[in-house]
Structures are given as C-alpha cells and as structure tokens.
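Protein chains in written order, with the working numbering: chain A, 1 to 144; chain B, 1 to 144; chain C, 1 to 144.
In case anyone wonders, no lab produced these hints; they're calculated from the structure.
Just so you know, these numbers come straight off a predicted model, no measurement behind them.
The reader is advised that the hints may include incorrect statements.
[Unchecked claim] The calculated label-pair distances, taken between Cβ atoms and stated as ranges, are:
(1) B:Glu128 x C:Pro56: 45 to 53 Å
(2) A:Pro56 x C:Met1: 14 to 22 Å
(3) C:Arg64 x A:Gly85: 12 to 20 Å
(4) A:Glu128 x B:Pro56: 43 to 51 Å
(5) A:Arg13 x C:Gly32: 40 to 48 Å
(6) C:Gly73 x A:Asp77: 38 to 46 Å
(7) C:Glu128 x A:Pro56: 44 to 52 Å
(8) B:Gly73 x A:Glu128: 33 to 41 Å
(9) A:Asn106 x B:Arg74: 51 to 59 Å
(10) B:Arg74 x C:Pro141: 47 to 55 Å
Positions of the beta carbon are idealized from the N, C-alpha and C atoms, including for glycine.
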Amino acid sequence: MVHQEEIRLHTTRAGQMHDLTDQVAGIVARSGVQTGLVHIFNVGSTAAVGTIEFEPGLQADLPRELNRLLPPGRHYDHEQTWHDGNAHSHLQATLLGPALTVPVRNGRPLLGTWQQIFHLECDIKPRERRVVVTVMGEPGPAKP
Amino acid sequence: MVHQEEIRLHTTRAGQMHDLTDQVAGIVARSGVQTGLVHIFNVGSTAAVGTIEFEPGLQADLPRELNRLLPPGRHYDHEQTWHDGNAHSHLQATLLGPALTVPVRNGRPLLGTWQQIFHLECDIKPRERRVVVTVMGEPGPAKP
Amino acid sequence: MVHQEEIRLHTTRAGQMHDLTDQVAGIVARSGVQTGLVHIFNVGSTAAVGTIEFEPGLQADLPRELNRLLPPGRHYDHEQTWHDGNAHSHLQATLLGPALTVPVRNGRPLLGTWQQIFHLECDIKPRERRVVVTVMGEPGPAKP
C-alpha cells in the first residue's frame with residue numbers, strides 16, 4: 001500500500017518553524033496503513049524537515065545556531081553567480097536535509113512524547129512550500 | 001512485506017555510542033526480506049542514529065566535535081523554559097537526525113566493510129532508549 | 001514492487017561532487033514504480049549524499065564550509081589508531097549522512113526545479129564508490 005499527499009505551507013521569514021506532526025498523523029490515518037513508514041520531504045533546496053521538541057525555546061535556538069555555524073553575510077561562491085543573498089540558506093538546508101522517515105505503528109507515526117516533526121524555512125524571503133508525505137506499509141499489525 | 005521490532009538500550013552518559021549493526025542484521029534476517037530497505041529510528045528528541053566506522057577513535061571524536069559545534073553551557077532559549085541543561089543535546093540530535101535507512105540485499109543490510117550503524121546518546125543523564133527497526137521489501141531477489 | 005540497482009562512481013579528490021539526479025531518474029523509470037519512494041545510499045563511511053542546487057558556486061561552498069566546521073589537520077583520536085589523515089572525512093560524512101530518500105510520483109523522483117541529488121566525496125584520495133538505489137512502490141497512481 002502506498003498513499004501520497006501534499007502539505008502546503010506559506011512561510012514568512014528565515015528561521016520560521018512549523019509543527020507538521022498533526023497533519024502527518026492525519027495523512028497516516030487516511031492512508032489506512034497500520035504498520036510501515038511515513039516519509040516527509042520538502043520540495044526545494046532552501047528548507048528542511050526533521051524532529052525536535054517543538055517549544056518556543058528550541059524554535060529560537062535551532063535557526064540561531066544554524067546561523068552561527070553557517071552565517072549569512074560571509075563570502076560564498078554561490079553569491080558570485082546569483083547575488084541573491086541566500087547561499088547560507090542552501091547550506092543550512094543541505095546540512096539538516098530535506099527528508100525524514102518515521103515508523104508507523106497502530107496507524108500512527110511512532111514518535112516520543114516530546115518529539116515533533118518540524119519544517120524549517122531557511123530562505124530569506126517568504127515562500128510557498130510543498131511538503132510531500134508518502135505512507136507505505138500494511139493495513140494490519142506487523143508480522144509476527 | 002513489513003516487519004517491525006524494537007531494540008532497547010540503556011545509556012549511561014552523554015556521548016555514549018552503541019553499535020547496532022548486528023542487532024539490525026538479526027532483525028532483517030528474521031523479517032524474511034531479501035531485497036528492500038531497513039529503517040532505524042530513535043524514539044525521542046535527544047539521541048541520534050547514523051553510520052560510522054565504529055572504532056574507539058571516532059567514538060571519542062564524534063561527540064567531542066559535536067560538543068565543539070553545539071556546546072553545553074552556552075546561552076540557549078530552551079534553558080529559559082526548562083532549566084534542564086540539555087538544550088545542546090536537543091540541537092545535536094536534531095542536526096544528526098533520529099533516522100537512518102539502509103538498503104537490504106540478499107537478506108542483509110548492505111553496508112561497507114568499515115561502515116557500522118550507531119546510536120549516539122546526546123542527553124546528559126542515563127536514558128532507557130527505544131530504537132524502532134522497520135524492514136520493508138520482498139522475499140526474493142530484486143527484479144530484474 | 002522493489003527494484004534495486006547500483007551506480008558506480010570514480011572519485012578523484014576530497015570535496016568532489018557528482019550530480020546523480022539523471023541516473024536516479026533512469027533507475028526509477030526502469031523500475032516501473034509510478035508512486036512510492038526512491039532511496040539513495042553511499043556504501044562506505046567517508047562519502048555522503050543529499051540534495052542541493054547543483055551549480056558551481058555551491059559545489060565549492062559545501063566542501064569548503066564542511067572543512068571549516070570539521071577541519072583536516074586538527075587532533076582527532078581516529079588518527080592515533082590509523083594515521084591515515086581522514087578523520088575529518090569520516091566526521092563530515094557522518095554529519096551529512098550516507099542516505100537520502102525522495103518521493104516518486106508519475107514515475108519520476110519528485111524534486112524542486114533547483115534541487116538535485118548529489119554525491120560528495122569526503123575522503124582524501126581517489127575512491128571507487130558504490131551508490132545503491134532502491135525503488136519501492138506501486139505501478140499506478142497513489143490511492144485515492
């Protein structure tokens with residue numbers, strides 16, 4: 001069984017995080033898959049997905065620390081080509097990665113209590129984002 | 001075919017690494033899958049999984065370098081909320097990621113000779129960890 | 001449905017990047033899968049895969065910034081064992097990760113216009129690389 005849907009996001013600024021957990025759980029429920037995997041993918045090269053405890057402190061910490069490790073305003077060769085000021089956005093998104101896969105059990109994504117699925121906008125201007133969610137697995141409990 | 005099991009780990013300190021390769025190979029063998037994928041997932045937001053050459057040098061290097069990039073003891077907004085001293089644990093775990101997927105061929109995880117599957121504890125106190133392993137694929141060789 | 005093939009790469013230097021997008025798309029086409037996932041995996045512990053806008057600027061930026069974050073020539077415990085000068089290669093590869101999964105729709109990998117699948121050589125000498133590509137899914141459109 002394969003089920004695929006998209007989540008649309010309107011982002012407004014670099015460092016903005018969205019909690020996708022409930023929407024992903026809804027897609028898993030609609031898929032009918034009880035046991036398997038759910039894959040979450042950001043279409044595009046300047047945003048990322050992953051897991052985090054989704055609370056205001058870490059929503060500030062993660063983008064600030066990424067900006068410290070891969071800062072805006074340094075010399076990047078990407079800027080020599082495009083002059084669009086977002087080389088660090090590309091590098092941050094590549095480092096975190098565009099994809100996450102989470103196990104499905106009993107028809108739900110299997111996450112920790114304080115572990116949520118996030119989307120992080122790394123680009124420097126508002127974007128319309130597509131997040132593709134693919135569920136694969138079986139309509140019953142795992143064997144054995 | 002979908003097969004799902006859990007590995008339980010008792011971790012004792014930040015930076016502790018476990019080699020999960022043999023346990024994952026055992027789960028793949030029990031699954032009956034010959035060709036497909038095996039997915040390894042840490043439940044919780046302060047530990048990570050990945051691949052590395054599992055030898056004592058890199059077992060010291062990886063957590064030390066993560067502590068250099070995302071150090072304990074800095075100002076993190078997460079601490080203003082929780083005062084539990086593990087904001088860097090969250091950030092390190094998010095950066096490495098909670099999930100790994102490895103191809104399965106001939107009923108075994110397909111890894112390099114010096115490439116093992118690791119679990120890294122990023123939290124600052126002992127934890128009981130659940131690692132969910134999901135195998136998907138076919139009971140025979142890949143077509144064609 | 002499961003389909004598995006390998007891409008062989010001859011790499012010549014640290015920091016070399018290859019665009020695997022067309023080869024991965026060819027494997028997806030040959031698989032007959034219309035809706036599902038394609039998984040790309042570097043066999044070995046000193047190279048990585050991911051997504052990036054594959055243009056010359058970022059091809060210089062990504063390996064240079066990884067060398068800044070995890071530099072060659074520092075003290076690494078790995079060197080005490082092996083003296084092969086590539087501890088940073090291991091750490092960079094582990095941080096980026098050996099694996100990437102991309103959704104498949106309409107028989108093609110679903111990527112952004114400026115989002116390509118790359119392979120990054122992190123090791124310090126030429127290597128013969130195996131990249132295993134696994135496609136799983138259904139021969140028709142997703143339901144519903």
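Hints, verified against the model:
1. B:Glu128 x C:Pro56: 45 to 53 Å: Cβ of B:Glu128 to Cβ of C:Pro56: about 48 Å, so the range 45 to 53 Å holds.
2. A:Pro56 x C:Met1: 14 to 22 Å: 44 Å, violated
3. C:Arg64 x A:Gly85: 12 to 20 Å: For A:Gly85 against C:Arg64, whose Cβ atoms are near 18 Å apart, the range 12 to 20 Å holds.
4. A:Glu128 x B:Pro56: 43 to 51 Å: For A:Glu128 and B:Pro56 the Cβ distance comes to about 48 Å; the hint holds.
5. A:Arg13 x C:Gly32: 40 to 48 Å: The hinted range 40 to 48 Å holds for A:Arg13 and C:Gly32, with Cβ atoms some 42 Å apart.
6. C:Gly73 x A:Asp77: 38 to 46 Å: 22 Å, violated
7. C:Glu128 x A:Pro56: 44 to 52 Å: 48 Å, holds
8. B:Gly73 x A:Glu128: 33 to 41 Å: With a Cβ separation near 40 Å, B:Gly73 and A:Glu128 satisfy 33 to 41 Å, so the hint holds.
9. A:Asn106 x B:Arg74: 51 to 59 Å: 39 Å Cβ-Cβ, so the 51 to 59 Å window is violated.
10. B:Arg74 x C:Pro141: 47 to 55 Å: Given a distance of about 49 Å, which is inside 47 to 55 Å, the answer is holds.
Taken one by one, the earlier hints fail for this structure at numbers 2, 6, 9, listed in ascending order.
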